[in-house]
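**Student:** Residue-level listing of the chains:
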Amino acid sequence: MHDKRKINWLYTAASLITCILIWQAVAVYIVGNPFILPSFTDVLLAFILLLGSGTLISDLTMSFLHFAIGIGLALLIGIPTGILMGWFEKMFTFLNPVIEIIRPIPPLAWIPFAIVWFGLTNFSAGFVIFIGAVFPIIINTYTGFSNIPKIFVEAGQMLGCTKNRDLIRFIAFPAAVPHIAAGFRIACGVAWMCLVAAEMFGVSAYGLGHKIWWYYHLHQMTNVLVYMLILGIVGLAVDALFRFYIRRSLLRWQTGEVH
Amino acid sequence: MGKVVITDVSRRFFMDDKTEFLALDSLSLTIKDDELVSLVGPSGCGKTTLLRIIAGLDHPDSGSVSLDNILITKPGPRVGMVFQEYSLFPWRNILDNVAFGLEMKKTGRKERYRQAQYYIDLVGLTSFTFCYPYELSGGMRQRVAIARALANDPDLLLMDEPFGALDAQTRNTMQEELLQIWEKQKKTIIFVTHSVDEAVYLSDRIVVLSSDPGRVSTVIDVSIPRPRDRTSPEFASIRRDVLRLLTLLDTTPGKI
Ligand SMILES: Nc1ncnc2c1ncn2[C@@H]1O[C@H](COP(=O)(O)OP(=O)(O)O)[C@@H](O)[C@H]1O
Ligand SMILES: [Mg+2]
Numbered sequence: 001m002h003d004k005r006k007i008n009w010l011y012t013a014a015s016l017i018t019c020i021l022i023w024q025a026v027a028v029y030i031v032g033n034p035f036i037l038p039s040f041t042d043v044l045l046a047f048i049l050l051l052g053s054g055t056l057i058s059d060l061t062m063s064f065l066h067f068a069i070g071i072g073l074a075l076l077i078g079i080p081t082g083i084l085m086g087w088f089e090k091m092f093t094f095l096n097p098v099i100e101i102i103r104p105i106p107p108l109a110w111i112p113f114a115i116v117w118f119g120l121t122n123f124s125a126g127f128v129i130f131i132g133a134v135f136p137i138i139i140n141t142y143t144g145f146s147n148i149p150k151i152f153v154e155a156g157q158m159l160g161c162t163k164n165r166d167l168i169r170f171i172a173f174p175a176a177v178p179h180i181a182a183g184f185r186i187a188c189g190v191a192w193m194c195l196v197a198a199e200m201f202g203v204s205a206y207g208l209g210h211k212i213w214w215y216y217h218l219h220q221m222t223n224v225l226v227y228m229l230i231l232g233i234v235g236l237a238v239d240a241l242f243r244f245y246i247r248r249s250l251l252r253w254q255t256g257e258v259h
Numbered sequence: 001m002g003k004v005v006i007t008d009v010s011r012r013f014f015m016d017d018k019t020e021f022l023a024l025d026s027l028s029l030t031i032k033d034d035e036l037v038s039l040v041g042p043s044g045c046g047k048t049t050l051l052r053i054i055a056g057l058d059h060p061d062s063g064s065v066s067l068d069n070i071l072i073t074k075p076g077p078r079v080g081m082v083f084q085e086y087s088l089f090p091w092r093n094i095l096d097n098v099a100f101g102l103e104m105k106k107t108g109r110k111e112r113y114r115q116a117q118y119y120i121d122l123v124g125l126t127s128f129t130f131c132y133p134y135e136l137s138g139g140m141r142q143r144v145a146i147a148r149a150l151a152n153d154p155d156l157l158l159m160d161e162p163f164g165a166l167d168a169q170t171r172n173t174m175q176e177e178l179l180q181i182w183e184k185q186k187k188t189i190i191f192v193t194h195s196v197d198e199a200v201y202l203s204d205r206i207v208v209l210s211s212d213p214g215r216v217s218t219v220i221d222v223s224i225p226r227p228r229d230r231t232s233p234e235f236a237s238i239r240r241d242v243l244r245l246l247t248l249l250d251t252t253p254g255k256i
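Keeping their order, the protein sequence lines are chains A and B. Residue numbers are given in our numbering: position 258 of the first sequence equals residue 258, and the series is strictly consecutive. Residue numbers are given in our numbering: position 75 of the second sequence equals residue 75, and the series is strictly consecutive.
Don't read these hints as lab results, they were simulated from the structure. Note that the Cβ used here is the ideal one computed from N, Cα and C, for glycine as well. One thing to keep in mind: the hints can contain errors.
[Claimed, not checked] Capping the alpha-carbon separation at 27 Å, the derived lysine-lysine pairs in DSS-like fashion look like this:
| # | chain 1 | residue 1 | chain 2 | residue 2 |
| --- | --- | --- | --- | --- |
| 1 | B | Lys3 | B | Lys186 |
| 2 | B | Lys74 | A | Lys163 |
| 3 | B | Lys110 | B | Lys184 |
| 4 | B | Lys32 | B | Lys184 |
| 5 | A | Lys163 | A | Lys90 |
| 6 | B | Lys32 | B | Lys186 |
| 7 | B | Lys110 | A | Lys163 |
| 8 | B | Lys74 | B | Lys3 |
| 9 | B | Lys105 | B | Lys3 |
| 10 | B | Lys74 | A | Lys90 |
| 11 | A | Lys90 | A | Lys150 |
| 12 | B | Lys184 | B | Lys3 |
| 13 | A | Lys150 | A | Lys163 |
| 14 | B | Lys105 | B | Lys74 |
| 15 | A | Lys150 | B | Lys74 |
| 16 | B | Lys105 | B | Lys186 |
| 17 | B | Lys18 | A | Lys150 |
| 18 | A | Lys163 | B | Lys105 |
| 19 | B | Lys74 | B | Lys186 |
| 20 | B | Lys106 | B | Lys186 |
| 21 | B | Lys105 | A | Lys150 |
| 22 | B | Lys74 | B | Lys32 |
| 23 | B | Lys106 | B | Lys184 |
| 24 | A | Lys150 | B | Lys106 |
| 25 | B | Lys32 | B | Lys3 |
| 26 | A | Lys90 | B | Lys18 |
| 27 | B | Lys105 | B | Lys184 |
| 28 | B | Lys106 | A | Lys163 |
[As the list claims (entries may be wrong)] Covered by chain B, per the in silico footprint, the following chain A stretches (three or more residues, Cβ under 8 Å):
| # | segment |
| --- | --- |
| 29 | 157-170 |
| 30 | 173-185 |
Bound conformation, chain A alone (with noise of 0.2 Å):
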């Protein structure tokens, strides 16, 4: 098991070594233009030349902040949408032909709109955010509350839980938690993507995705290669963090039920 573990772990260091050494080897011999291809070495110069100006992190924080804003609205509006729909059939019947035909407008079809209404603000970048990250999250809250076992709500019912307001509250949204939590993984990759295109339009004047915009009209590609790869680590990282949290809190009555 331990020695297993080892030998991944070699395997994924070995995967990033071959990718850099590849990278830069094609960078400094083949392209020998830092506009079109920068280098490791220059990209890690820059990112810590960029550490040094502490510009990162007010982008960093305020990217987070965008994101926080729109996946909050998207919990918020998101989870009660789909108990509603998931547990009253009239309900479905009267909101799902909205949901239907406004859930394939792309998210960044919303940013002309969004300047509009909320102007170059962190709201507007949290709107388009939040419209992309929300129907993952009703579909996925009304897919659990629809496909709770009845069993359990007449086991419910036989010991007293009678009320709807109880039945969601302690038979149907515990049982409907994993496919909640699934719909919020969902939404949290979706929410990444159009951050970085609600910053890049303009949304917002601050962040991630704007700076690329911004280093990109500077013709400081490196600094483009740097924020982008950002990017991927810190969407990494958040999306490590909710696995890890959902194995500990979620997977421990899980185990037995997925499988």
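Since the structure of chain A is already known, use the hints to place chain B with the ligands on it.
**Tutor:** Quick look at chain B with the ligands alone, frame taken from chain A:
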């Protein structure tokens, strides 16, 4: 408390091809306070359907069921149910599963855990109190389901083939435990089983149902004093009677 009066209960189902199927045909039955009654009958004869109607989970097309002269129209904590299939809440540990009914009654945390622990001990699962259902075997889960139903202190306990999935040894132990609990707690119990042996061992009366349509075929009094000896002649004689009735019912034409 726990007198059950079933009056002319009929229940129709519509099959896929729109044909009507009479699962229960104006079935009447009275079960006395604190009585332990078994329902036996060929599979598909409507035992589960009848229990669900008594529980308030299903509704008869005509007729009614009352418990202590109050009509049963919807599920509630007066009636406890141990389902045929697995029904524990997988997201709650054993203690919180058993305490669920008390939590619904807004019993304080300390008090409900104390009572839940008592019933967990009663079904012999003390060392599993903080485990989750997936960590338990089928038999243990069923014992938790029984503890959960008992902890809610219902007047009437419905049990749908609760020991069906257990091995013979555990089954006998569970039967004895159930009798002990029943004698201590004084509840009315309606017990569905496929095992004639189990029915004779446990019941005050055995209700034999016929199928298609579901009706009461025969009611047999079991007046052997407890504890009962499965090898005694009286026991064997009643078992033989029930078996003969069941064989007769199973070969009745009209059943597929
Ligand atoms: N929800 C339902 N819809 C259609 N038919 C049903 C339904 N529930 C039960 N039945 C039918 O009613 C009959 C009695 O079923 P049930 O009460 O489960 O029998 P059992 O005595 O084996 O518990 C069976 O033929 C079954 O197919
Ligand atoms: Mg059945």
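**Student:** So, for every hint listed, does it hold in this structure?
**Tutor:** How the hints compare with the structure:
1. Restraint check for B/Lys3 and B/Lys186: satisfied, since their Cα atoms lie roughly 12 Å apart, inside the 27 Å limit.
2. A C-alpha spacing of about 12 Å is found between B/Lys74 and A/Lys163, which places the hinted pair at or below 27 Å, so the restraint holds.
3. Using a Cα cut-off of 27 Å, the hinted pair B/Lys110 and B/Lys184 holds, with the two alpha carbons roughly 24 Å apart.
4. Taking the CA atoms of B/Lys32 and B/Lys184, the gap is near 17 Å; set against the 27 Å cutoff, the hint holds.
5. The suggested pairing of A/Lys163 with A/Lys90 holds, with an alpha-carbon distance near 18 Å, which does not exceed 27 Å.
6. Proximity of B/Lys32 to B/Lys186 is assessed by CA-CA distance (about 12 Å); at most 27 Å being required, the pair is judged to hold.
7. A hinted pair counts as satisfied when its Cα atoms are at most 27 Å apart, and B/Lys110 with A/Lys163 qualifies at roughly 24 Å.
8. Only pairs whose Cα atoms come within 27 Å are accepted, and B/Lys74 paired with B/Lys3 is accepted, the gap being roughly 17 Å.
9. For the hint linking B/Lys105 to B/Lys3, the alpha-carbon distance of about 23 Å falls within 27 Å, and the restraint holds.
10. For the hint linking B/Lys74 to A/Lys90, the alpha-carbon distance of about 22 Å falls within 27 Å, and the restraint holds.
11. At roughly 19 Å between alpha-carbon atoms, A/Lys90 and A/Lys150 fall within 27 Å of each other, so this suggested pair holds.
12. At most 27 Å may separate the alpha-carbon atoms for a hinted pair to count; B/Lys184 and B/Lys3 meet this at roughly 18 Å.
13. Distance hint between A/Lys150 and A/Lys163 is fulfilled; the C-alpha atoms sit about 15 Å from each other, no more than 27 Å.
14. Note on B/Lys105 and B/Lys74: the hinted pairing holds, with a Cα-Cα distance of about 17 Å set against a maximum of 27 Å.
15. Note on A/Lys150 and B/Lys74: the hinted pairing holds, with a Cα-Cα distance of about 16 Å set against a maximum of 27 Å.
16. Distance hint between B/Lys105 and B/Lys186 is fulfilled; the C-alpha atoms sit about 21 Å from each other, no more than 27 Å.
17. With a C-alpha separation of about 24 Å, the suggested pair B/Lys18 and A/Lys150 falls inside the 27 Å cut-off, and the hint holds.
18. Note on A/Lys163 and B/Lys105: the hinted pairing holds, with a Cα-Cα distance of about 13 Å set against a maximum of 27 Å.
19. Among the hinted pairs, B/Lys74 with B/Lys186 is consistent with the structure: their alpha-carbon atoms are about 24 Å apart, no more than 27 Å.
20. With a C-alpha separation of about 24 Å, the suggested pair B/Lys106 and B/Lys186 falls inside the 27 Å cut-off, and the hint holds.
21. Only pairs whose Cα atoms come within 27 Å are accepted, and B/Lys105 paired with A/Lys150 is accepted, the gap being roughly 22 Å.
22. At most 27 Å may separate the alpha-carbon atoms for a hinted pair to count; B/Lys74 and B/Lys32 meet this at roughly 21 Å.
23. Only pairs whose Cα atoms come within 27 Å are accepted, and B/Lys106 paired with B/Lys184 is accepted, the gap being roughly 25 Å.
24. With a C-alpha separation of about 24 Å, the suggested pair A/Lys150 and B/Lys106 falls inside the 27 Å cut-off, and the hint holds.
25. Between B/Lys32 and B/Lys3 the CA atoms are separated by roughly 5 Å; this keeps the pair inside 27 Å, and the hint holds.
26. Note on A/Lys90 and B/Lys18: the hinted pairing holds, with a Cα-Cα distance of about 26 Å set against a maximum of 27 Å.
27. Taken as a hint, the B/Lys105 and B/Lys184 pair is honoured in the structure, with Cα atoms around 23 Å apart against an allowance of 27 Å.
28. Simply put, B/Lys106 and A/Lys163 have alpha-carbon atoms about 14 Å apart, close enough for the 27 Å limit, and the pair holds.
29. As drawn, the segment 157-170 of chain A meets chain B at 8 residues by the rule of a beta-carbon pair under 8 Å; at three or more, the given contact holds.
30. Under a criterion of three residues with beta carbons nearer than 8 Å to beta carbons of chain B, the stated coverage of the segment 173-185 of chain A is upheld, 3 such residues being counted.
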